[in-house]
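> Read top to bottom, the protein sequences are chains A and B. Numbered according to this note's numbering, the first sequence spans residues 1 to 410. Numbered according to this note's numbering, the second sequence spans residues 1 to 228.
Treat the hints as calculated values from the structure; they're not laboratory data. Each hint should be verified, as a subset may be incorrect.
On the chain A side, residues computed to face chain B include the following (Cβ under 8 Å) [as the list claims (entries may be wrong)]: (1) G309; (2) M353; (3) P403.
Subject to a maximum C-alpha distance of 25 Å in a straight line, what follows is the list of computed PhoX-like cross-link-like pairs (lysine-lysine) [what the hints assert, rightly or not]: (4) B/K65 x A/K5; (5) B/K121 x A/K5; (6) B/K215 x B/K180; (7) A/K236 x A/K98; (8) B/K116 x A/K5; (9) B/K180 x A/K5; (10) B/K65 x A/K308; (11) B/K65 x B/K215; (12) A/K5 x B/K129; (13) B/K85 x A/K308; (14) B/K116 x A/K308; (15) B/K65 x A/K405; (16) A/K405 x B/K85; (17) A/K405 x B/K19; (18) A/K308 x B/K19.
Just so we're clear, the structure is a prediction, and the values are computed from it rather than from any experiment. Backbone N, C-alpha and C fix where the C-beta goes; we use that ideal spot for every residue, glycine too.
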Amino acid sequence: MPLSKLWTIAYRDLGRHRRRSIFTLLAVGLGLGLLLVMDGLISGVVADSLANSIRLRTGHVQLRADSFQEDQLSLQAKDLLANPDELAAKAKELSEVKAAAPVLWSSVILNTIDQSAGLQLMGIDTTSALYDPIRSGVTAGEWLSPDDRDGILIGRVLAEELGVSAGQKVNLTVVNSDGRPDEGTFTIRGLFSTGIPGYDQSAVFMPLDKAQAFTGSSGRASLVMILLNNQNDANKVAAALSAPGVAALTWSDLNKFFVETMGTAMSFYVILDFIVILIVAVIIVNTLLMSVFERVREMGILAALGMKGRQIRVMFLLEAATLALIGIAVGLIIGAAGVWYLATTGIPIGDKMAAVAGSNFALSATMYGRFEPISFLNLSLATLIVVVLASLYPAFYASRLEPIKALHEQ
Amino acid sequence: MAIIELVNATRTYELGEVKTHALNGVSLMFEPGEFTALVGPSGSGKTTLLQLIGCLDRPDGGTVKINGQDVSRFSANQRADLRRKEIGFVFQFFALVPVLSAYENVELPLLLSNVKTQERKERVTELLKAVGLSDRAKHRPDQLSGGEQQRVAIARALAPRPLMILADEPTANLDTENGKQAMDIMQRLNQETGTAFIFATHDPRVVAYARRVVKLRDGRVDSNGASA
Numbered sequence: 001m002p003l004s005k006l007w008t009i010a011y012r013d014l015g016r017h018r019r020r021s022i023f024t025l026l027a028v029g030l031g032l033g034l035l036l037v038m039d040g041l042i043s044g045v046v047a048d049s050l051a052n053s054i055r056l057r058t059g060h061v062q063l064r065a066d067s068f069q070e071d072q073l074s075l076q077a078k079d080l081l082a083n084p085d086e087l088a089a090k091a092k093e094l095s096e097v098k099a100a101a102p103v104l105w106s107s108v109i110l111n112t113i114d115q116s117a118g119l120q121l122m123g124i125d126t127t128s129a130l131y132d133p134i135r136s137g138v139t140a141g142e143w144l145s146p147d148d149r150d151g152i153l154i155g156r157v158l159a160e161e162l163g164v165s166a167g168q169k170v171n172l173t174v175v176n177s178d179g180r181p182d183e184g185t186f187t188i189r190g191l192f193s194t195g196i197p198g199y200d201q202s203a204v205f206m207p208l209d210k211a212q213a214f215t216g217s218s219g220r221a222s223l224v225m226i227l228l229n230n231q232n233d234a235n236k237v238a239a240a241l242s243a244p245g246v247a248a249l250t251w252s253d254l255n256k257f258f259v260e261t262m263g264t265a266m267s268f269y270v271i272l273d274f275i276v277i278l279i280v281a282v283i284i285v286n287t288l289l290m291s292v293f294e295r296v297r298e299m300g301i302l303a304a305l306g307m308k309g310r311q312i313r314v315m316f317l318l319e320a321a322t323l324a325l326i327g328i329a330v331g332l333i334i335g336a337a338g339v340w341y342l343a344t345t346g347i348p349i350g351d352k353m354a355a356v357a358g359s360n361f362a363l364s365a366t367m368y369g370r371f372e373p374i375s376f377l378n379l380s381l382a383t384l385i386v387v388v389l390a391s392l393y394p395a396f397y398a399s400r401l402e403p404i405k406a407l408h409e410q
Numbered sequence: 001m002a003i004i005e006l007v008n009a010t011r012t013y014e015l016g017e018v019k020t021h022a023l024n025g026v027s028l029m030f031e032p033g034e035f036t037a038l039v040g041p042s043g044s045g046k047t048t049l050l051q052l053i054g055c056l057d058r059p060d061g062g063t064v065k066i067n068g069q070d071v072s073r074f075s076a077n078q079r080a081d082l083r084r085k086e087i088g089f090v091f092q093f094f095a096l097v098p099v100l101s102a103y104e105n106v107e108l109p110l111l112l113s114n115v116k117t118q119e120r121k122e123r124v125t126e127l128l129k130a131v132g133l134s135d136r137a138k139h140r141p142d143q144l145s146g147g148e149q150q151r152v153a154i155a156r157a158l159a160p161r162p163l164m165i166l167a168d169e170p171t172a173n174l175d176t177e178n179g180k181q182a183m184d185i186m187q188r189l190n191q192e193t194g195t196a197f198i199f200a201t202h203d204p205r206v207v208a209y210a211r212r213v214v215k216l217r218d219g220r221v222d223s224n225g226a227s228a
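Isolated chain A, as found in the complex:
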C-alpha cells in the first residue's frame, strides 16, 4: 500500500478530534518554542559576555611574564614584562593582529572626601585601537591623551556611586613595585560607559607612562594585549609570539573559568531540554494511545482486509510524525518570534543586577538573545525523533491487536 494513502488515513484521523489534536500540537509547539527562546537567550548572554570579556578584559591573546598571576596583580619586576614595547611591535607585524599594546595592571584604592573604592588600575596606550570601545563610550568629559600626567578615566556607574563627576579631583593609593604605599591626586578627565556595569564599576584608566611612574614600574608592563582580526587565529598568533620567559595565552585560556562555568550550566540546560521534550513526548503518546483505544475495532477491520501489522505501525507513526511536524512548525514560529524579540529588544536587567555577576562575567545591563540556526535544527530534530520513538509503543500496541478481539471491541 502506498505510504501516501497510509498518511491520508493518518492525517484525517487527526481531524476526527480536532480539539484534541490542536491542543496536542500546541503542546509540542509551546514546548519547542520555549526551549528555542531559552536557548536563544542563554546563547545570546553567553556569546555577549564572552565577546565583552574579550573586548574589554582579555583581548584575543595576551603576552605575560611566566610568573605573572592575574589575581595578584603583582608589580614586582620579575612578574612584569621587561620589554613590552618590543613585544607589542613584534605582534603588530603579524597580519592577523588588529591591535597590540602594553598594559600595566595594578590594584589601587580611590578615595574621595567621604568614600573609597578598591579598583583595578589600567595603565594603557591611550592611542591604541584596543580601547576604541571605551573611547566611544565616554559619556562625560574627555578621553585621555598619552601625555596626560594627572588625568584618569572612571566608569559612570562608579562615579554615580561615589558621587563624583568629570573634572573633580580624587586620590589614588597604590602599593608600588617596591612594596611601599604611594599616593597621588588625579583629575577625573572623563566618565565612560561600556554597557557592562561590573566592568564600569571596577576599572580606572590612566596613560601607561603615568601609571608606570606612579607604580614605580618604569618601562615595564603586566602584559601585552592583542586583538586579532579573527579570533580563530589566536593559537597561531600565540605560538608565533611565545618566547622564553613569556607566556602567550589565548582568549580561551584567559576566559577558561567563564567558558567552563558556562559549559557546566549548558549541560544542566540540556537536561532541561530533555525533560521538556519528554513531557511533549508523553502528551503525544497519550493522544495516540487514546486514538488507538478509540479505534480498536477499526484496526480489526483493517487487519481483516489484509493490512499487516507493519502497515498499521507505519500508519500510527505517520500520525505521530504529522502531529510532531505541525507542532514543530508552530514551535519554530513561536521560537523565532521570541528570539527575534530578545535579539532586538532584549531584557533589561539593570546596572545593579548586571554588576552582581562580578568581574568574571561581563554581563550587559540588557540581556540580548541570539538566533542560533543550529539550535533550531537540533531541537526540532530532537523533538521529532523523541516523539516518533515514544510513538513506537502505541504503534506496536495497535499492530499487535488480535483481529478477532479487535473486531468484537465495542
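Since the structure of chain A is already known, use the hints to place chain B on it.
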C-alpha cells in the same frame, strides 16, 4: 475442488476456568460459487466457523484448508496475505473506515494489493455502480444510511475479486427493505462473479436466499445442507 475444507476442526475459548467449546469437531467442504447460509441458535458456533474460514482465528485442533492449503499453521502475515487476496468480509456493523469516503473504502483492499491506479479506478467505479452508489462515491460513512454503508461494505468485499465472501449477520442492523436490497445485491453478484458467499444468519428471510443451508448446534454440524 473444494475451496474450503474443514476436517474435525475444534475451537475452545477459555474464560477464567470455564471452557467453552465453540466448535467441536466440525468437518465441512465448500465449493466455488456457493451461496450458503450458516444457521443455528446463538452460541452454536456460526461466527467462530466464519472466523476460522476467514483466517481471523486458528483452530485448536483439526485442519482448515483454503484452496488446498492448510492455513491452521500460517503465520499472522501469511493469514493477512490470504485474507487480502482471497477473502472478503461483510460485517453486521458495516465496518467501514470512517475517515475514508465510500470510493476510498472500496479502493482500500485494492491499494493493499498494489493494484495499478487505472485498474483500481475502473474496478471501484464498476463496483459502486453495481451496488447502486455511484452518486454517493464521495460521501463518508457518517453521511450514508445503514443500507448504503452495507452496500459499500459489499462492494469493498468484492473489490479484490476474492474466492469467497464471508458475511456475519449482514442484515441484522438493516430494516426489511434495506436487508432485502443487500441480499438481492449479494445474490446477483454471486451469480455474476461466481464468488462464493457464506453468511451466518438468524433471519429466515435471508436463509430463503441460500442455495445451501448448514445447520449448527452446540459447535457441531447438525445438517450439512446439501446444495438446494
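> Evaluate each hint against the coordinates.
Hint-by-hint comparison with the structure:
Annotation: interface hint on A/G309 holds; nearest CB of chain B at approximately 7 Å, less than 8 Å. Among the interface hints, the one on A/M353 is violated; its C-beta lies about 55 Å from the nearest C-beta in chain B, farther than the 8 Å criterion. This hint holds: A/P403 has a C-beta 5 Å from the nearest C-beta of chain B, less than the 8 Å allowed. Proposed proximity of B/K65 and A/K5 is contradicted: the alpha carbons are some 33 Å apart, above 25 Å.
A hinted pair counts as satisfied when its Cα atoms are at most 25 Å apart, and B/K121 with A/K5 qualifies at roughly 15 Å. For a cut-off of 25 Å, the pair hint linking B/K215 to B/K180 stands: about 22 Å separates their Cα positions. As the CA atoms of A/K236 and A/K98 are separated by approximately 14 Å, the hinted pair is consistent with the 25 Å bound. With a C-alpha separation of about 14 Å, the suggested pairing of B/K116 with A/K5 holds against the 25 Å cut-off.
Restraint check: the Cα-Cα separation between B/K180 and A/K5 comes to about 34 Å, which exceeds 25 Å; the hinted pair is violated. Taking the CA atoms of B/K65 and A/K308, the gap is about 21 Å. The hint holds against a cut of 25 Å. For the hint pairing B/K65 with B/K215, the CA-to-CA distance comes to about 20 Å; that is within 25 Å, so the pair holds. Distance hint between A/K5 and B/K129 is fulfilled; the C-alpha atoms sit about 23 Å from each other, no more than 25 Å.
With a C-alpha separation of about 13 Å, the suggested pairing of B/K85 with A/K308 holds against the 25 Å cut-off. With a C-alpha separation of about 20 Å, the suggested pairing of B/K116 with A/K308 holds against the 25 Å cut-off. Straight-line distance between C-alpha atoms of B/K65 and A/K405 comes to about 22 Å, which keeps the hinted pair within the 25 Å bound. Between A/K405 and B/K85 the alpha-carbon distance is near 22 Å, which keeps this suggested pair within the 25 Å criterion.
Annotation: proposed proximity of A/K405 to B/K19 holds, straight-line Cα distance about 17 Å (limit 25 Å). Annotation: proposed proximity of A/K308 to B/K19 is violated, straight-line Cα distance about 31 Å (limit 25 Å).
In summary, the numbered hints that this structure violates are 2, 4, 9, 18.
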